[in-house]
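Residue numbers (the working numbering), protein chains in the order written: chain A, 237 to 351; chain B, 16 to 128.
Everything labelled a hint here was simulated from the structure, so no lab data went into it.
Computed from a predicted model, the values in this text were never measured in an experiment.
Just to be clear, a hint being listed does not mean it is correct.
[What the hints assert, rightly or not] Stretch by stretch, here's where chain A covers chain B in the computed footprint (C-beta under 8 Å, at least three residues):
(1) 57 to 64
(2) 114 to 125
[Stated by the list, open to error] Calculated lysine-lysine pairs in the DSS-like style (CA-CA distance at most 30 Å, straight line):
(3) A:K307 to A:K247
(4) A:K247 to B:K71
(5) B:K86 to A:K247
(6) B:K71 to B:K83
(7) B:K71 to B:K86
(8) B:K86 to B:K57
(9) B:K57 to A:K293
(10) A:K293 to A:K307
(11) A:K250 to B:K57
(12) A:K250 to B:K83
(13) A:K250 to A:K293
(14) A:K307 to B:K57
(15) A:K247 to A:K293
(16) B:K71 to B:K57
A virtual CB, placed ideally from N, CA and C, is assigned to each residue, including glycine.
The lines below spell out each chain.
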Amino acid sequence: DTGVSQDPRHKITKRGQNVTFRCDPISEHNRLYWYRQTLGQGPEFLTYFQNEAQLEKSRLLSDRFSAERPKGSFSTLEIQRTEQGDSAMYLCASSRLSGGSEAQYFGPGTRLLVL
Amino acid sequence: GESVGLHLPTLSVQEGDNSIINCAYSNSASDYFIWYKQESGKGPQFIIDIRSNMDKRQGQRVTVLLNKTVKHLSLQIAATQPGDSAVYFCAESRSGSARQLTFGSGTQLTVLP
């Protein structure tokens, strides 16, 4: 257990529905990342928060995706009008710059299946 | 474009032997590298990291070697145990960015009894 938690762990939805995932990072970490991982591949970066500010978004993040981190603690990732291609594992990671280490610690992920 | 790749998709080793997992990266601006272990159905687990101003770093039973000249990274696991069976990813990032990680596709390590 890294200290990063994600909810739900699994989500099955029908195409066209909206889904929302939550991430609770390690409490003293001010940096929070979302990644997406498909079967057999490494995670791909989606977006990054420093405190409550969303500072970077990948081109992978279409306008159907939105992420928030309203109080600089937990974060949510919403996918609107889900498509079958959205089926993947959604991973959250957190980090802080401390003594030169910027290691990102990942949560267990939310596995999404869009039918 | 940027890429982080692994030389071998699968690696099988006998229990008790040492394992070496290799990784090549193409972005010369990368200055920070991490190795992760991922077991089935779980998130990536941090193993060890290294900055580009170092060429070697050791942890508990693991050593990471960085060769910036040929853009090569390796993870050595000493006395491999059955619990080491997993997919191993290397990842890189560079300063000036959000420090987002770029991952390779992973190497499946299988430890044989």
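**Item:** Violations among the numbered hints, reported as their numbers in ascending order
**Value:** 4, 5, 12
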